[in-house]
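Here's the letter readout for the chains.
Number of protein chains: 4
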Amino acid sequence: MNKFDYRIPYADTDKMGVVYHSNYLKYFEMGRTELMRQIGYTYDEMEKQGFYFPVVSAQCNYHAPAHYDDFITVETTISELKHVTVTFSYKVKCNDKLLVTGFTKHPLVNYAFKPTRIPQNIRELLIPHIESNL
Amino acid sequence: MNKFDYRIPYADTDKMGVVYHSNYLKYFEMGRTELMRQIGYTYDEMEKQGFYFPVVSAQCNYHAPAHYDDFITVETTISELKHVTVTFSYKVKCNDKLLVTGFTKHPLVNYAFKPTRIPQNIRELLIPHIESNL
Amino acid sequence: MNKFDYRIPYADTDKMGVVYHSNYLKYFEMGRTELMRQIGYTYDEMEKQGFYFPVVSAQCNYHAPAHYDDFITVETTISELKHVTVTFSYKVKCNDKLLVTGFTKHPLVNYAFKPTRIPQNIRELLIPHIESNL
Amino acid sequence: MNKFDYRIPYADTDKMGVVYHSNYLKYFEMGRTELMRQIGYTYDEMEKQGFYFPVVSAQCNYHAPAHYDDFITVETTISELKHVTVTFSYKVKCNDKLLVTGFTKHPLVNYAFKPTRIPQNIRELLIPHIESNL
Chain A
1 MNKFDYRIPY
11 ADTDKMGVVY
21 HSNYLKYFEM
31 GRTELMRQIG
41 YTYDEMEKQG
51 FYFPVVSAQC
61 NYHAPAHYDD
71 FITVETTISE
81 LKHVTVTFSY
91 KVKCNDKLLV
101 TGFTKHPLVN
111 YAFKPTRIPQ
121 NIRELLIPHI
131 ESNL
Chain B
1 MNKFDYRIPY
11 ADTDKMGVVY
21 HSNYLKYFEM
31 GRTELMRQIG
41 YTYDEMEKQG
51 FYFPVVSAQC
61 NYHAPAHYDD
71 FITVETTISE
81 LKHVTVTFSY
91 KVKCNDKLLV
101 TGFTKHPLVN
111 YAFKPTRIPQ
121 NIRELLIPHI
131 ESNL
Chain C
1 MNKFDYRIPY
11 ADTDKMGVVY
21 HSNYLKYFEM
31 GRTELMRQIG
41 YTYDEMEKQG
51 FYFPVVSAQC
61 NYHAPAHYDD
71 FITVETTISE
81 LKHVTVTFSY
91 KVKCNDKLLV
101 TGFTKHPLVN
111 YAFKPTRIPQ
121 NIRELLIPHI
131 ESNL
Chain D
1 MNKFDYRIPY
11 ADTDKMGVVY
21 HSNYLKYFEM
31 GRTELMRQIG
41 YTYDEMEKQG
51 FYFPVVSAQC
61 NYHAPAHYDD
71 FITVETTISE
81 LKHVTVTFSY
91 KVKCNDKLLV
101 TGFTKHPLVN
111 YAFKPTRIPQ
121 NIRELLIPHI
131 ESNL
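Chains as they are written, first to last, in the numbering used here: chain A, 1 to 134; chain B, 1 to 134; chain C, 1 to 134; chain D, 1 to 134.
So here's chain A without its partners, still in its complex pose:
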């Protein structure tokens, strides 16, 4: 599991006075990037080797809003690992209060965007981070 901290900027708020809901997908991406860095294989490095993790589905459940200047934490785990597809799951919290949960599902694709079996070396890095019941 990776924990990533982020301070909410004014830019992310809307006229309801809270974070606009689409921004949580960006926070999920930030968490995913940091989990990959923690694993020892950055997403940036992965793209430079010709592999991509496009998003094929995403879900967010909004329990409570984040506000301007809140210092949030994004907890990221791997909740499912198949031959081609990885599912990352997320919990966004502020002072231990749960704000938003969700997941994103990503097939591995190659430079030509063809779905590709996840190579054994990457698979072995991901396995220790599987937490099926986040």
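Honestly, the hints are just simulated from the structure, not real lab data.
Keep in mind the model is a prediction, meaning the values are calculated, not measured.
Just so it is clear, CB atoms sit at the ideal spot from N, CA and C, and this is done for glycine as well.
A couple of the hints might just be wrong.
To be verified - Calculated cross-link-like contacts (lysine-lysine; reagent style DSSO-like; alpha-carbon spacing at most 30 Å):
no., chain 1, residue 1, chain 2, residue 2
1, A, Lys48, B, Lys15
2, D, Lys48, D, Lys15
3, D, Lys48, A, Lys93
4, B, Lys48, D, Lys48
5, A, Lys105, A, Lys26
6, D, Lys97, C, Lys91
7, B, Lys15, D, Lys48
8, A, Lys105, D, Lys26
9, D, Lys105, A, Lys15
10, D, Lys91, A, Lys48
11, A, Lys15, A, Lys91
12, D, Lys93, B, Lys15
13, A, Lys93, D, Lys26
14, C, Lys114, D, Lys15
15, D, Lys26, B, Lys48
16, C, Lys114, D, Lys97
17, A, Lys91, D, Lys26
18, D, Lys48, A, Lys91
19, C, Lys48, C, Lys91
20, B, Lys82, B, Lys114
21, B, Lys91, C, Lys82
Said to hold, decoys possible - Chain A side only, calculated, beta carbon under 7 Å to chain B, not exhaustive:
no., residue
22, His21
23, Ser22
24, Leu25
25, Val55
26, Val56
27, Ser57
28, Gln59
29, Cys60
30, Asn61
31, Ala64
32, Tyr68
33, Lys93
Fit chains B, C and D to the given chain A structure using the hints.
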């Protein structure tokens, strides 16, 4: 059903050369706003009367990417109407090709953000737009 | 001069209840794209031919705010045309009220991002749209 | 002077493979927020006391692009302090390389958005951070 057209700006693309996935939640919002306008009760007017439709859950399924300068259409319907909650469903297309589907779920809340039964006059405006099998 | 209309989504507002200031650079880009389309040489086509217009400087002056659901108009002209560089100028209005003015400056660069003299055929398309005193 | 570090997310990039230019106004805002925190009077606190710093003009000069996963630093200072208006100036760097410079100008306004003389207690906090030749 409402159809809303939108030209993809450079701002919405990412380094993969396609629309960054969180932007579809913004396109859904644009479609929802236009459906409300078509119904004859704009969301802007609704907020001025002290009612809000915050998002409690959202889901996106990405079938094919949109690109810079694509002219997309967002088709919006109401897929579920309960006492307090409305679910809007969306299909994003480009030249009749289906790109993204999804839904967003919204409880009606009052000025104090308390969930509130949808008033009969609003309910009657929404009912004709229910399409359960979008 | 090109006039481009845009309806302000909730996504573009912030907790001050108005459009967050960085979004006007996106509206400028939308106006620039439409001016190029009007000229008969879309920016998309230009990129496919290996030319780019990166931004080297930008300025915005905020006179009055735009709000959610406002229907704004972006007026775009070319205010300066040099050997390598084009400056686009913008006026954002709502119901004829001037909200924001600004400009963006762009050198033409080739596929290798080397600054390049603007080809004569592109220059001739741009010249009729120069309005030095917007 | 305040130094604020930020990791570039995928969300901030565009199809040119670099950070989309409007995002630097968000980075400037993040820097400004952190300078205020360093000063000992957060912008969040200021708004809760009924004062706002809306942006009346902004300028960006783009020297070199930032890329995905770059770890940038935003250096923020106060470059001008008048009776009503503060100008913040910014340098965005990556590994000591200068990427973007700019400024934003803000009048102090009260709860009714009337321009207001900056109170003496706030003025005294701001003065030590004036660096006229950033």
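Verification of the hints:
For the given pair, Lys48 of chain A sits about 12 Å from Lys15 of chain B by alpha-carbon distance, which is consistent with the 30 Å threshold. Taken as a hint, the Lys48 of chain D and Lys15 of chain D pair is broken in the structure, with Cα atoms around 39 Å apart against an allowance of 30 Å. Taking the CA atoms of Lys48 of chain D and Lys93 of chain A, the gap is about 23 Å. The hint holds against a cut of 30 Å. For the hint linking Lys48 of chain B to Lys48 of chain D, the alpha-carbon distance of about 23 Å falls within 30 Å, and the restraint holds.
Using a Cα cut-off of 30 Å, the hinted pair Lys105 of chain A and Lys26 of chain A holds, with the two alpha carbons roughly 14 Å apart. For the hint pairing Lys97 of chain D with Lys91 of chain C, the CA-to-CA distance comes to about 34 Å; that exceeds 30 Å, so the pair is violated. Of the supplied pair hints, the one linking Lys15 of chain B and Lys48 of chain D is violated, its CA atoms being roughly 39 Å apart against a limit of 30 Å. Restraint check: the Cα-Cα separation between Lys105 of chain A and Lys26 of chain D comes to about 28 Å, which is no more than 30 Å; the hinted pair holds.
Only pairs whose Cα atoms come within 30 Å are accepted, and Lys105 of chain D paired with Lys15 of chain A is accepted, the gap being roughly 22 Å. Using a Cα cut-off of 30 Å, the hinted pair Lys91 of chain D and Lys48 of chain A holds, with the two alpha carbons roughly 29 Å apart. In summary, the hint linking Lys15 of chain A to Lys91 of chain A is supported, as the alpha carbons are separated by about 24 Å, within the 30 Å threshold. Straight-line distance between C-alpha atoms of Lys93 of chain D and Lys15 of chain B comes to about 21 Å, which keeps the hinted pair within the 30 Å bound.
Proximity of Lys93 of chain A to Lys26 of chain D is assessed by CA-CA distance (about 23 Å); at most 30 Å being required, the pair is judged to hold. Between Lys114 of chain C and Lys15 of chain D the CA atoms are separated by roughly 18 Å; this keeps the pair inside 30 Å, and the hint holds. Between Lys26 of chain D and Lys48 of chain B, the direct Cα distance comes to roughly 29 Å. Compliance with the 30 Å bound is thereby established for this hinted pair. Distance hint between Lys114 of chain C and Lys97 of chain D is fulfilled; the C-alpha atoms sit about 19 Å from each other, no more than 30 Å.
Proximity of Lys91 of chain A to Lys26 of chain D is assessed by CA-CA distance (about 25 Å); at most 30 Å being required, the pair is judged to hold. Restraint check: the Cα-Cα separation between Lys48 of chain D and Lys91 of chain A comes to about 29 Å, which is no more than 30 Å; the hinted pair holds. Simply put, Lys48 of chain C and Lys91 of chain C have alpha-carbon atoms about 29 Å apart, close enough for the 30 Å limit, and the pair holds. Taking the CA atoms of Lys82 of chain B and Lys114 of chain B, the gap is about 16 Å. The hint holds against a cut of 30 Å.
Only pairs whose Cα atoms come within 30 Å are accepted, and Lys91 of chain B paired with Lys82 of chain C is rejected, the gap being roughly 45 Å. The beta carbon of His21 of chain A comes within 4 Å of a beta carbon in chain B, closer than 7 Å, and the hint placing it at the interface holds. The restraint placing Ser22 of chain A at the interface with chain B holds, with a minimum CB-CB distance near 4 Å, inside the 7 Å limit. Interface restraint check for Leu25 of chain A: the shortest CB-CB distance to chain B comes to about 4 Å, inside 7 Å, so the restraint holds.
A least Cβ separation of about 4 Å between Val55 of chain A and chain B falls short of the 7 Å threshold, and the interface hint therefore holds. Look at Val56 of chain A: its Cβ gets to within about 5 Å of chain B, closer than 7 Å, so that hint holds up. Taken as an interface hint, Ser57 of chain A checks out: its beta carbon lies about 5 Å from the nearest beta carbon of chain B, inside 7 Å. Nearest Cβ of chain B to the Cβ of Gln59 of chain A: about 5 Å, under the 7 Å cut. The hint holds.
For Cys60 of chain A, the suggested interface contact is upheld, since its CB lies about 5 Å from the closest CB of chain B, less than 7 Å. Of the supplied interface hints, the one on Asn61 of chain A holds, with its beta-carbon coming within about 5 Å of a beta-carbon of chain B, less than 7 Å. Proximity of Ala64 of chain A to chain B is violated relative to the hint, the smallest CB-CB distance being about 10 Å (cut-off 7 Å). Because the beta carbon of Tyr68 of chain A sits about 17 Å from the nearest beta carbon in chain B, more than 7 Å, this interface hint is broken.
For Lys93 of chain A, the suggested interface contact is broken, since its CB lies about 18 Å from the closest CB of chain B, more than 7 Å.
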